[in-house]
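A.B. asks: The primary structure of each chain is shown beneath.
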Amino acid sequence: MTQQQTAGPPAAGHADPAEEFLDRQTPLSRIRNILHRYPALSPAIVLLVAVVVFGLLNERFLRVENLSLITQQVSVVGTLAIAQTLIILTAGIDLSVGAVMILASMVVAQLAVGSGAPAPLALLLGLVVGLAAGALNGFLVTRFRLPPFIVTLGTLNIFIALTLLYSGGSTVRGSSMPGLLTWMGSTFPVGPVRISTGVVMMLLLYIAVAFILGKTAWGRHVYAVGDDKEAARLAGIPVNRVLMSVYLAAGAVLAVGAWIQIGRTNAASPNAGVDLNLDSITAVVIGGTSLFGGRGSIWGSLLGALIVGVFRNGLSLAGLDVLYQTLAVGVLIILAVSIDQWIRKVKS
Amino acid sequence: MTATEFQPAKTEVRQPILQARNLVKTFGRVVGLDGVSLDLYPGEVLAIIGDNGAGKSTLIKCLTGAEIPDSGELKVSGQPVHFKRPQDARVHGIETVYQNLAVSPALDVASNLFLGREERLPGPLGKIFRVLDTKGMRRKAKEELTRLGISTLQDVTVPVENLSGGQRQAVAVARAAAFGSKVVVLDEPTAALGVRESNQVLQLVRDLRDRGLPVILISHNMPHVFDVADRIHIQRLGKCAATITPESHSMTDAVAIMTGAATA
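From first to last, the protein sequence lines are chains P and U.
Numbering-wise, my numbering puts 93 at position 93 of the first sequence, and it's gapless, one number per residue.
Numbering-wise, my numbering puts 110 at position 110 of the second sequence, and it's gapless, one number per residue.
Excised from the complex, chain U in its bound form (with noise of 0.2 Å):
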């Protein structure tokens, strides 16, 4: 083996979970993703920002299933994968919450947790009748939601329709970290929640962080990105223009690339 890459100093041989590389993905004539590459290691949270038609929202759908790269690499925890639907990047422990939520306002809380995954009883009645575990569920439901602290949602039978726009996202980010063994994408988490609602929504990215799973975050709000982040990925026509952190650069330098007037 001859080392030709660049070794970086001692700790930061940590493997990636999700590594892309050079991604491509054109509409047409037009160019969305023009060669992007990422790497996410555990226990960080990346943010993704970058102007309206920068390649954020198809970058995330390339990572998680929803759009398939012309060309480029894809690698979860060193395996190439090839993603055809979101239920492909699913079984690789990649969760997504999308910006429109994906809930489904009848269903109650229970249900929406476990939906398209639902568990049945043990036993002739479960196997047989196919009859859902649905006290099980509930239980478990509760005690997800108890374990990511998120207090205000006591009653998990609530249909998420009575719910606030707050506690919706709550659902949806208790979904992703459920069922998400490796990743979690978020979209635009607290583009429509208030102050209060937004300060729980990254309360709860830190402490998804802080057990050791990765974030994605895609955000067009600043202060809360450079709140939660470890590293700042910035999209710039398709491209990415820099990867920075909140401690190398500020809030008005980042603007700045994401815009073209500077570069990193």
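If we strip away everything but chain P, and leave its shape as in the complex, we get (with noise of 0.2 Å):
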């Protein structure tokens, strides 16, 4: 009798027990199996989580003017963090996208004011100065097979002599440049909220990436390379050309990133921006994205860009200190690594 019953129910008698025990399945691997076929949804929760807990912390969270202005204080992250992720899904790194930006910013406020260029001119050159410095990140790593680590360390520091040597360490006040440039400053209103034309600008960039990303051979060529370079090869694709056309994009977002910022500060300063390059790596992270490459959503860097800062936004309005601010964001940041390896152990 007893034995029947540790023999197990007869139906499932002829099934494979290998089998079975591999197709087994917890609560909680059937939650990580979700949270890996779409990485977004762990930043979104996260991001619906800190909204609600803060807007029960303190009320003047959720009015809008507050939330309108975290969205403003994000655009510059948010854009940064666009091209940070392209460059990491191929499992790289950028450390020179904040100074690339800040060098894009001065040219273009320099050519503008200093030597009196008309204003779109003077954003096309930006543009120019933006796809340089990627086609020379992008030059680096595909020619001489140096690590994106070190390349970008090496340029990153370049980038901020030149900006230092070209400005003369001046700032540009944007009361003297055109309106075009500082026009991603200005603002309108959409019903009871102001939205900047800055934020909308990173959202059709975000737009756009997304759509080529998700839609088009290159966007996955671009996860293939990430994923297993060698595989990218024998199946075919161009890898070192899809790198390079990866900093290239990745050089024409920073510089529209350099135009948000000039209206976001209202100013093209050179010692702007110098956390930067590491706010850009943590919206990146947190929004889940690997940082070993081939995986990751452009949307998870919005919703990281924004849980960054939501948490600096409401913790001070929760009157704790700036520096709690950073600890807070230090935690996040191993939270989400941690969370993308367990979600990573999801196969065989």
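Calculated from the structure, these hints are not laboratory results.
Even glycine gets a Cβ: it sits at the ideal position worked out from N, Cα and C.
Honestly, I wouldn't trust all of these hints.
Straight-line distance between alpha carbons at most 27 Å, and here's what the computed DSS-like set of lysine-lysine pairs gives [claimed, not checked]: (1) U:Lys84 x P:Lys229; (2) P:Lys229 x U:Lys140; (3) U:Lys127 x U:Lys239; (4) P:Lys215 x U:Lys84; (5) U:Lys140 x P:Lys215.
Here are some, though not all, of the chain U residues that point toward chain P, as calculated from beta-carbon distances under 8 Å [unchecked claim]: (6) Val81; (7) Gln87; (8) Arg90; (9) Tyr98; (10) Leu115.
Both chains come to you apart, so use the hints to assemble them.
C.D. replies: In structure tokens form, the structure reads like this:
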């Protein structure tokens, strides 16, 4: 009698015990599977919880003016995070994003104010600076086969030095610039909310990049290259060309970021944005994109940038010192990477 | 024309699809290939066996464009070719399944099947905005898997990393079979697989042959080789020691030739 019971129900008798073991799912592993399939889901949940908690802590948090302010505070880092996401998806990392953006913003501002170039031309040359910086990074990564970390650590310093040499260390005020340059800082009302042009620009960039990553062959190749470079090469993907185009695209996005930065701070300062490099990496990592490449979504990075913005804003409204905001962001990063590691264990 | 060559008996005048003559490849002072010739005829499975360092992999790499031979000729359907990279071989209808499979784990089955040759939507969406025909590719992927009789892969939207070793192998073989118009080369396709999965892959090899697609199979596994191969090319010390058939020789003979204990 007891023997029969231990033998289990006869219906399952013929199933391969090993296979049954593989297919067994606990509620936890099911959650992990879902998170694995939709990488933007976990940051979305974190953002939602954060908004609710901070809303309960301080009733001012959920006011439309405050939420609108958060989006504006996030617009620059959010844009840099787009460039950073593209590069991290290829299993790279770009430490120079902030420096490139500041260099481009100084070039745009100096050309328009110092040299009296027309504003559209100044912006166009800013785009050229961004592309040139991306081309330099991409060239060093693909031709000399240097690790992106080392390449961009070097170019980070080069771009900072170039910025200071070019600008002489002086800030160009927004009031002296043509209107087009500070246009990204202007706001317009949408119902009760005031939205800045910079935020709209950032969102347009997200939509465009999400479309390209999700719907085109190039997007799929970016993922494939980051996933397994050798496999991508053997499958016939021109790996170096894809990498080069990623760095160029990142450079172009950074040039737009420079425009948003000028509008947001109403100035072009060579000393701004020292911590923007790391903030952009933080946003991408919290957004669920894997630092090992090939995995993640661009929307996750927007959510990541918003999470950082919400935490900083919410904690300061809750009356906590700035230092605690930094502490909270640090904890967030480690949590995000831990969750990423846990989710990656989903495969057999 | 003077008939200097020995003319083989009547029906054997078929033209080889792939023909290699006197391939030599050296790596510094190491001789990888020492004048190897090989013919692959339509609708046959040619196995290549040999001990480690006998030059199997080098031979395959030279046939598929992954290495450039120092000298020797290569002909596809009688036309001389010079492969400089794997894409060149692919253009000539030679598809290779590498030992490490060359699949992208995070991408789904359909994306992997079409990796590197994605199809775009017709009309302006595809031409101007370069939008992928995801639905079409998924449908075709499903059709191809059904045609190959791969029943274990029903959902083509599953990421490859969630698949078992045999299923991954099936994806890689399906990709080669779908695009290989002339030759499919499989490098150690059963090395990492269990018994049942190995049998599925061997069945796939037979199915490919039955559809008229010649297959080159590199393997260490003698029972598998003798199970599916029509002819067996034995590499030894960078040379072709013998070309035998499963009917003419036993497994023991093959191993003896491989190790130099006997000659054909």
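A.B. asks: Decide, hint by hint, whether the structure agrees.
C.D. replies: Consistency of the hints with the structure:
Taken as a hint, the Lys84 (chain U) and Lys229 (chain P) pair is honoured in the structure, with Cα atoms around 19 Å apart against an allowance of 27 Å. Restraint check for Lys229 (chain P) and Lys140 (chain U): the C-alpha separation of about 26 Å stays at or below 27 Å, so the hint holds. Restraint check for Lys127 (chain U) and Lys239 (chain U): not satisfied, since their Cα atoms lie roughly 50 Å apart, outside the 27 Å limit. Only pairs whose Cα atoms come within 27 Å are accepted, and Lys215 (chain P) paired with Lys84 (chain U) is rejected, the gap being roughly 31 Å.
Restraint check: the Cα-Cα separation between Lys140 (chain U) and Lys215 (chain P) comes to about 17 Å, which is no more than 27 Å; the hinted pair holds. Given hint, Val81 (chain U) at the interface with chain P, is violated; its Cβ is 17 Å from that chain's nearest Cβ, farther than 8 Å. For the restraint placing Gln87 (chain U) at the interface with chain P, the shortest Cβ-Cβ distance is roughly 5 Å, inside the 8 Å limit, so the hint holds. Satisfaction of the interface hint for Arg90 (chain U) is found here, the shortest Cβ-Cβ separation to chain P being roughly 6 Å, below the 8 Å cut-off.
For Tyr98 (chain U), the shortest C-beta to C-beta distance to chain P is roughly 6 Å, which falls under 8 Å, so the interface hint holds. Taking 8 Å as the C-beta cut-off, the interface hint given for Leu115 (chain U) holds, the closest approach to chain P being about 4 Å.
Going through the hint list in order, the structure does not satisfy hints 3, 4, 6.
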